[in-house]
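Two chains, two separate frames, one set of hints: put the complex together.
Line by line, the protein sequences give chains A and B.
The opening residue of the first sequence carries number 0 in numbering that gives the first Met the number 0; numbering runs sequentially from there.
The opening residue of the second sequence carries number 0 in numbering that gives the first Met the number 0; numbering runs sequentially from there.
No lab work stands behind these hints, which were simulated from the structure alone.
Model, not experiment: these values are computed from the prediction.
There may be inaccurate statements among the hints.
To be verified - Subject to a maximum C-alpha distance of 20 Å in a straight line, what follows is the list of computed DMTMM-like cross-link-like pairs (lysine to aspartate or glutamate):
id	chain 1	residue 1	chain 2	residue 2
1	B	Lys207	B	Glu294
2	A	Lys194	A	Glu98
3	B	Lys263	A	Glu125
4	B	Lys33	B	Glu61
5	B	Lys263	A	Glu246
6	B	Lys263	A	Asp123
7	A	Lys152	A	Asp163
8	B	Lys263	A	Glu126
9	A	Lys216	B	Glu97
10	A	Lys285	B	Glu247
11	B	Lys263	B	Glu294
12	B	Lys62	B	Glu97
13	A	Lys219	A	Glu230
14	A	Lys80	B	Glu247
15	A	Lys285	B	Glu283
16	A	Lys285	B	Asp246
17	A	Lys315	A	Glu261
18	B	Lys263	B	Glu247
19	A	Lys310	A	Glu246
20	A	Lys315	A	Asp348
21	B	Lys263	A	Asp265
22	A	Lys80	B	Glu261
23	A	Lys243	A	Asp263
24	B	Lys149	A	Asp381
25	A	Lys320	A	Asp348
26	A	Lys219	A	Asp183
27	A	Lys285	B	Asp287
28	A	Lys228	A	Asp251
29	A	Lys54	A	Glu73
30	B	Lys263	A	Asp164
31	B	Lys263	A	Glu233
32	B	Lys231	B	Glu205
33	A	Lys20	A	Glu98
34	A	Lys315	A	Asp265
35	A	Lys310	A	Glu261
36	B	Lys33	B	Glu131
37	A	Lys285	B	Asp79
38	A	Lys303	A	Glu246
39	A	Lys216	B	Asp79
40	A	Lys80	B	Asp246
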Amino acid sequence: MRFYEYEAKALFARHGAPLPKGRVARNPAEAAAAAAEIAGPVVLKSQVLTGGRMKAGGVKFADTPAAAEAAAREIFALRIKGQEPRGVLVEQRAPVAQEYFAAVTWDGRRKLPVIVFSDMGGIDIEEVAEKHPAHVSRTHLSTLLPFSPYVAKEAVAAVGVTGDDLNRITPIVATLAEIFLRYDLTLAEINPLGKLADGRFLVLDGHVDLEADARDKHAKLVADLGIGKDETREARPPTAFELKGAEVDASDHRGVAGNVREFDGDLGLVIGAGGGSLTLFDAIRKHGGRPANYCEIGGNPSVKKTCELTKLILSKPGVKKIAVMMNVVSNTRVDIVARGVIKGCIASDRNPAETIAIFRIPGAWEDDGFKILRKYGVEYCDRTVSMYEAAGRAVKKMSA
Amino acid sequence: MSILIRRDTTFIVQGITGREAVNLTRECLDYGSKIVGGVTPGRKGRDVYGVPVYDCVREITEKTHVDGSVVTVPPRFTRDAVVEAIEAGIKLIVVVTERIPRGEVAQMVELARLRGARIIGPNCLGILSPEEAKMGGLGGPAVNVRRAFKKGPIGVMSRSGGMSTEICNTLSAAGLGQSTAVSIGGDAIIGSTYAELMPLFEADAETKAIAIYSEPGGRMEAELADWVRENKSRLPIVAFMAGRFMDEMPGMRFGHAGTIVEGKADTTADKIERMRAAGIAVAERIEDIPALVKERLRGH
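Here chain B stands alone, though its shape is the one from the complex (with noise of 0.2 Å):
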């Protein structure tokens, strides 16, 4: 199968006339997902590729069953559109914006976990499973995603957008399909880390490997490391880190917001060493990333 989105997985996008909302309705339409409606406040009775545009997202839950919304609005409305589809009962949030304090995100997340519902990102291209529905702009058009995203075993969870696509492409290429990929998001604090989506994976019948895509910064990789060694995960996993020289240069911003070397623990040496201590393989680079995941699923 696959994690968080299938085939029939209904979805709205709030913020749907905007320029890149546009781009990824289109998308993902022509990746065959089912986008359900579409929100934008004063934009009522419009649709963007024949979804219809809503003002608010109630109007669409109480007509119809919506499992998810991609939320593509400007950074200080985002909280507010979040928050709308939480308390609409929407139970699986990708938020795309980026530059959201992270004050605001703390108040999303908090807010979600009261009511069950999900966020993935902030400051994320989304999810995408291959065959099956693209929700977010991760892989581009569908035409660039069929190339890049194949249907198999491997889970993918990455904090960087781009890089999901970069690493899928190397995994179809060794022949190695993926069963669901994650853009996690970039920001210090974001919905849904990688041992947040672990569970999900495990319980995922179809996926057998994780690969997954880290940088300097947080205590993301310290958890995952963890949540591995606590529950005897059955699942191997290969990790490829990106961003080695900023332990050279602390307190400086480079990519993303959530990267920032502050202390001991934030250094990819420190990262690396960890999950190598509980198991997980780190490649040093990432066209090594397919020959250790079947190296992996052989001796599993």
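Next up, chain A with everything else stripped away, as it sits in the complex (with noise of 0.2 Å):
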């Protein structure tokens, strides 16, 4: 989950890390007021969750308080890739004389936590790169040695930094990285880190995403942030019918009936678990389907929640039937996913044998299943239909 540019500093002033003067106004008014305590020039930055905010307009300059708050409203106005900024951040502009990169994340091959320092900050990390390699270093972590700074020295000195420049970036990249470990972190990123014209060092940007299974273990840290509990923080905010679908899956501890994202079609999908979702998926697309959401049921869900579910799914616009499918389940229980999505289909007054376009879920307890759906009339198949195949029936079943 990411963290708003004012998020992250706020956690890096935590720990110490040297930040420009400067705060989050909430609208142009509270813009003018932080601009008149700098009392000097400012930048103003839109406060979104994607990058490309100066190409965007989203990044503007003001000498005055007044031109701050008209610097605001502009801000305040633009959606930037379809976000309406939470705030913008007010902050001293100084001037800069040379810009470094600084970020700890994860090297999934090595298996530990990577410091990459570069003295030519500000632009592409990737392309710097590929285009200067001798001007990028890649330093890792111990999860199990405690952290020790020279780690943070060993980084900067590799691109070549020596002298009081690299006894100032030294403390501020190994708090980076304490942050990291300390928060369960999958990025602390600094960039850029401005040295300015007296030699003073300053973090100018800052780009956080923490762990969403560490959400619970750092509960404290995200609250003191002002993080709400509805905020996912991915890519794009939650729509209510996937808010919903969390709802439905928190409200039964057994199985799992989660992870529905909405999709603007008309098949309704009731699939597991994990990897066999996105096989589902695929194959439905493939087949020239029209999904309406994404799901996965797993471990077993209750009558209730599965119900709940497919009630969830029915009740979504637009959605004409719906695919219950899975892989060969191991500890899910057919006949009781059966009994679920049967029961959502009649209390949403459909009748389950027309709004059932498929049921291939082998495993387990498939022969009283397979029982119960006979009864309802309801069409499924058993392992000798592939995954693919029963997904290319509930599609052809729709233009029927």
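So, in structure tokens, the structure goes:
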């Protein structure tokens, strides 16, 4: 889950990283007040969870509070990649002599955190790595040994930084590494880290991603930063349908009926599990079908949970039928899923035989499940019919 | 033969009194696996289907030789349980638990490396060597396992537990049995990747070909492609790539924790290209895997 720039900076500030003077404004008047406090040239930055702000016009400069207010008004009115700004960060503008890049992230191959450092900051780091490999260092961290700042020093020195600069940058990079390890981050980035004319360094922009699975572990930090419980902080905000899906999943601890994602098609999907859902979603699309949603059921969800999920999907405007499909299951009871989806259809005033385009869940208790499906006249198939073929049958029924 | 586990492999179950653990203990015993003990702190003296329960791993390892452990405890206790197993000298640890932050997974993996232990998972269903043993929930109850998994020459590795069974079932139906199937786990960082398990299959005379299930996210497929090229593997590989729709939806989480598309190298298109360039066949549908495997077996 991604943090806004002002949240990332608040986290950095807590741990002593040097930041420009400033604060986040919620409206143009607050921006003017912030600029008056700073009493000098300011930069105003749109707070959105996406890159490319500068290009989109989401970053402006002002020399007076009145100019700051006008700039903020323009920024607040601007949507960037569909996102409305959460606020406008107003910061003191300082002349920068050189820009650096520092990040800590995971190296999946080595299975260790890695410090990526460059003395060519402010631009795309992947491009720098490609064109100027000597200007990018990669230094791995141990997750077992206590963190020691010399590792940060090595990362900085590796691109040829020495003298006062080395001694001033090292603690900032060390702080970044400590924050990364302490809060289970997947990314802690400072770009750019600016060197001022007087030799001091300031964190000019920051980017932090917290691991979704560590959110509960760091609930206090998340609350301190003012991040709401409904905020998933993914590439796009959750829809009302998706939030209801999460409620269904949370309503009962037995099994999973979650990861509900909204699409604009007409075929509702009750599918599982993790890998099976990916495979089935691809198969539906390959057959020319238009999914109304994505979801994952698994781990033996209760009748109630499956029923509620089915009701939710059927309540979505434009959903004509549902397809109920999984890979060969190990511990999900086929009869329980069958009962749940049939109950969900009936509760939605739909005839299961017409509403369920196909039921393909082979595995334990399939005979019991098939018996129920036969009773309601629902088309089902066993493991001799592939996932791809089952998806094809469902799509075919949509055009019939 | 098989890799990782055989008929005589002894293992324990950590968290054995939990609901899922009780089921998997029953399933493994029914399939003939040798479970020599279980651990749940504070539950010493009980038994689960005849398997004695202890408070500490060492109480078992001091008495008898233990090859492996299946860890199925809640996420916040998992790292501790895995460290306990490693420090007691256990060399093969299957971590079933999901939703462990990757910093903690990395710690387990780093310690395992230091101690010469191997971790499978987290977020996996374990290992199954047909007609030998099963270590974890893979395939479900023994009667279902016997239907989907048959003994034979194909090594199977999958980032999805459920899809391991689907693929083995498809292979079995086409007369292609499996030497060992490994559910490697769906997280961004896992104990053993495809490339790290390849040398084991390579050294197993019974294994003649490999089938893998892959997903978007991570560098595991690129790592496998590099491994195949660098090691001139004798084993033909057929891969299936799920989640192709995710290429169009960067930053969104579908499926397992490890599947998020963050950059170009995470996309299925990039992975497919790399694998094909290394001579790995990529099947368009699961049901195409057996024919591709047979074709490649003939070619070798």
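Quick rundown of the hints versus the structure:
For the hint pairing Lys207 of chain B with Glu294 of chain B, the CA-to-CA distance comes to about 12 Å; that is within 20 Å, so the pair holds. With a C-alpha separation of about 6 Å, the suggested pairing of Lys194 of chain A with Glu98 of chain A holds against the 20 Å cut-off. Restraint check: the Cα-Cα separation between Lys263 of chain B and Glu125 of chain A comes to about 11 Å, which is no more than 20 Å; the hinted pair holds. Proximity of Lys33 of chain B to Glu61 of chain B is assessed by CA-CA distance (about 17 Å); at most 20 Å being required, the pair is judged to hold.
Taking the CA atoms of Lys263 of chain B and Glu246 of chain A, the gap is near 33 Å; set against the 20 Å cutoff, the hint is violated. Note on Lys263 of chain B and Asp123 of chain A: the hinted pairing holds, with a Cα-Cα distance of about 14 Å set against a maximum of 20 Å. Annotation: proposed proximity of Lys152 of chain A to Asp163 of chain A holds, straight-line Cα distance about 12 Å (limit 20 Å). Restraint check: the Cα-Cα separation between Lys263 of chain B and Glu126 of chain A comes to about 13 Å, which is no more than 20 Å; the hinted pair holds.
This hinted pair checks out: Lys216 of chain A and Glu97 of chain B have alpha carbons roughly 15 Å apart, not beyond 20 Å. Between Lys285 of chain A and Glu247 of chain B, the direct Cα distance comes to roughly 14 Å. Compliance with the 20 Å bound is thereby established for this hinted pair. Among the hinted pairs, Lys263 of chain B with Glu294 of chain B is inconsistent with the structure: their alpha-carbon atoms are about 31 Å apart, more than 20 Å. Proximity of Lys62 of chain B to Glu97 of chain B is assessed by CA-CA distance (about 31 Å); at most 20 Å being required, the pair is judged violated.
Between Lys219 of chain A and Glu230 of chain A, the direct Cα distance comes to roughly 15 Å. Compliance with the 20 Å bound is thereby established for this hinted pair. Restraint check for Lys80 of chain A and Glu247 of chain B: the C-alpha separation of about 15 Å stays at or below 20 Å, so the hint holds. At most 20 Å may separate the alpha-carbon atoms for a hinted pair to count; Lys285 of chain A and Glu283 of chain B meet this at roughly 10 Å. The straight-line distance between the Cα atoms of Lys285 of chain A and Asp246 of chain B is roughly 14 Å, inside the 20 Å bound, and the hint therefore holds.
A threshold of 20 Å between alpha carbons decides the hint, and for Lys315 of chain A with Glu261 of chain A the separation of about 9 Å falls inside it, so the pair holds. At roughly 11 Å between alpha-carbon atoms, Lys263 of chain B and Glu247 of chain B fall within 20 Å of each other, so this suggested pair holds. Our distance criterion of 20 Å between C-alpha atoms is met by Lys310 of chain A and Glu246 of chain A, whose separation comes to about 13 Å. Simply put, Lys315 of chain A and Asp348 of chain A have alpha-carbon atoms about 14 Å apart, close enough for the 20 Å limit, and the pair holds.
In summary, the hint linking Lys263 of chain B to Asp265 of chain A is not supported, as the alpha carbons are separated by about 30 Å, beyond the 20 Å threshold. Under the criterion of a C-alpha separation no larger than 20 Å, the hint pairing Lys80 of chain A with Glu261 of chain B is consistent with the structure, at around 17 Å. Between Lys243 of chain A and Asp263 of chain A, the direct Cα distance comes to roughly 16 Å. Compliance with the 20 Å bound is thereby established for this hinted pair. A threshold of 20 Å between alpha carbons decides the hint, and for Lys149 of chain B with Asp381 of chain A the separation of about 19 Å falls inside it, so the pair holds.
For a cut-off of 20 Å, the pair hint linking Lys320 of chain A to Asp348 of chain A stands: about 13 Å separates their Cα positions. Restraint check for Lys219 of chain A and Asp183 of chain A: the C-alpha separation of about 13 Å stays at or below 20 Å, so the hint holds. As the CA atoms of Lys285 of chain A and Asp287 of chain B are separated by approximately 15 Å, the hinted pair is consistent with the 20 Å bound. Of the supplied pair hints, the one linking Lys228 of chain A and Asp251 of chain A holds, its CA atoms being roughly 19 Å apart against a limit of 20 Å.
With a C-alpha separation of about 14 Å, the suggested pairing of Lys54 of chain A with Glu73 of chain A holds against the 20 Å cut-off. Pair hint Lys263 of chain B plus Asp164 of chain A does not hold up; C-alpha atoms about 34 Å apart against a cutoff of 20 Å. As the CA atoms of Lys263 of chain B and Glu233 of chain A are separated by approximately 18 Å, the hinted pair is consistent with the 20 Å bound. Note on Lys231 of chain B and Glu205 of chain B: the hinted pairing holds, with a Cα-Cα distance of about 18 Å set against a maximum of 20 Å.
A distance of roughly 18 Å separates the Cα atoms of Lys20 of chain A and Glu98 of chain A; the hinted pair therefore holds under the 20 Å criterion. For the given pair, Lys315 of chain A sits about 9 Å from Asp265 of chain A by alpha-carbon distance, which is consistent with the 20 Å threshold. A distance of roughly 15 Å separates the Cα atoms of Lys310 of chain A and Glu261 of chain A; the hinted pair therefore holds under the 20 Å criterion. Annotation: proposed proximity of Lys33 of chain B to Glu131 of chain B holds, straight-line Cα distance about 10 Å (limit 20 Å).
Distance hint between Lys285 of chain A and Asp79 of chain B is unfulfilled; the C-alpha atoms sit about 44 Å from each other, more than 20 Å. At roughly 13 Å between alpha-carbon atoms, Lys303 of chain A and Glu246 of chain A fall within 20 Å of each other, so this suggested pair holds. As the CA atoms of Lys216 of chain A and Asp79 of chain B are separated by approximately 16 Å, the hinted pair is consistent with the 20 Å bound. This hinted pair checks out: Lys80 of chain A and Asp246 of chain B have alpha carbons roughly 18 Å apart, not beyond 20 Å.
Checked against the numbered hints given earlier, this structure breaks hints 5, 11, 12, 21, 30 and 37; the rest are met.
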